[in-house]
Amino acid sequence: MKKSMTYALALTVLTIAVMAAAAVAQESAGMPQAGRLAEQNLRPYWHVFAAYTLVILLIGGWAVSIARRLRAIEERLLD
Amino acid sequence: MSTAGMRRGGTTLTLLGLLGLIALYWMAFFWVPTEVNQGVVQRIFYIHVPAAWTSFLAIGFAALASGMYLWLRDERLDRAALCAVEGGLIFATLVLTTGPLWGKIAWGTYWTWEPRLTLTLLLWFIFIGYFMVRNATEDPEKGKRFAAVVAIVGAIDIPFIHLSVVWFRSLHPEPVVARPDGPTLPGDMLVTLLFGVLVFTVLFFGLFLFRYAVEGLRAEADLRARSAA
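Chains as they are written, first to last, in my numbering: chain S, 1 to 79; chain R, 1 to 229.
Be aware that one or more of the hints could be misleading.
Covered stretches of chain S (in silico footprint by chain R; criterion: 3 or more residues with CB under 8 Å from a CB of chain R, positions within the stretch not fixed) [as the list claims (entries may be wrong)]:
| no. | region |
| --- | --- |
| 1 | 6-14 |
| 2 | 43-53 |
| 3 | 63-69 |
Which chain R residues face chain S? A few, computed with CB under 8 Å, are given here [said to hold, decoys possible]:
| no. | residue |
| --- | --- |
| 4 | Leu-77 |
| 5 | Thr-93 |
| 6 | Lys-104 |
| 7 | Ala-213 |
| 8 | Ala-221 |
| 9 | Leu-223 |
Rather than coming from a laboratory, the hints here were simulated on the basis of the structure.
Ideal Cβ positions, reconstructed from N, Cα and C, are used throughout, including at glycine.
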């Protein structure tokens with residue numbers, strides 16, 4: 001148990017060291033950091049998803065609005 | 001066509017349109033390849049252009065119905081124009097919201113006062129103006145006539161929107177389909193775009209029929225109320 005804990009701790013320290021080394025290497029090479037790079041790449045996706053969501057919201061909203069008006073008129077005719 | 005028939009037709013077309021919309025989303029996200037220069041943001045094109053086409057179709061249809069209403073004074077034509085303008089406003093709003101989302105990535109700005117964008121915004125204001133003019137008069141008949149003129153003026157804006165990128169120095173991309181020398185899009189992109197145009201058109205006519213049925217029933221309810229009074 002104690003041995004496996006030591007291994008896990010060593011692995012964690014090693015992982016952090018590798019990530020830190022990669023970040024330092026990226027910075028010194030003039031490359032953007034991983035977080036910033038992901039943000040840059042994902043930004044157009046957000047715009048695409050927002051545009052496709054707007055289509056559903058506006059067309060769906062129009063359909064719901066028509067259905068509500070139809071129901072109101074039908075109730076008025078029944079009265 | 002009877003009100004029940006319109007509702008049936010509207011239901012069928014709307015369901016077909018919704019199924020088509022699911023297929024369009026699948027094509028736009030998983031089937032069509034990513035454009036080399038613009039990247040993933042170019043996929044907005046497959047909804048932006050069909051929305052623009054549908055808003056043009058709506059105002060063209062409304063102008064035709066309005067012109068015939070001014071000539072024949074048939075209430076059904078006025079109702080058809082009203083329903084088409086309402087749909088046109090929805091699709092024009094889509095054009096003016098999806099376009100800037102693309103523009104922010106492609107141009108670095110959501111909005112610029114270049115000819116096509118400005119004329120499209122003018123069309124949106126014409127759609128809004130139609131409802132304002134219609135409800136601004138005390139005499140409803142006069143409001144309908146004024147609104148019919150607004151719809152006809154709106155249709156005159158369409159060729160200017162289409163040709164503005166050719167006539168003026170413009171940031172907006174030039175047409176890639178409706179060109180004298182034929183479409184310049186690769187096959188799979190063209191298929192996705194044309195499918196989008198078909199889906200938006202079917203959705204527009206499906207919901208238009210529903211909306212027209214509402215107006216038909218409203219006229220019937222008003223007639224009953226008047227005869228009861």
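Right, here's what the structure says about each hint:
1. Interface restraint, the region 6-14 of chain S with chain R: violated (0 residues with C-beta to C-beta distance below 8 Å; minimum three).
2. Counting residues of the region 43-53 of chain S whose CB lies closer than 8 Å to any CB of chain R gives 8, which reaches the minimum of 3, so the coverage claim holds.
3. With a cut-off of 8 Å between beta carbons, the region 63-69 of chain S has 4 residues touching chain R; three or more are needed, and the interface restraint holds.
4. The interface hint given for R:Leu-77 is broken, as the beta carbon of that residue sits about 20 Å from the closest beta carbon of chain S, more than 8 Å.
5. Among the interface hints, the one on R:Thr-93 holds; its C-beta lies about 6 Å from the nearest C-beta in chain S, closer than the 8 Å criterion.
6. Look at R:Lys-104: its Cβ gets to within about 6 Å of chain S, closer than 8 Å, so that hint holds up.
7. Because the smallest distance between the Cβ of R:Ala-213 and any Cβ of chain S comes to about 7 Å, under 8 Å, the interface hint for this residue holds.
8. The beta carbon of R:Ala-221 comes within 5 Å of a beta carbon in chain S, closer than 8 Å, and the hint placing it at the interface holds.
9. Because the smallest distance between the Cβ of R:Leu-223 and any Cβ of chain S comes to about 11 Å, over 8 Å, the interface hint for this residue is violated.
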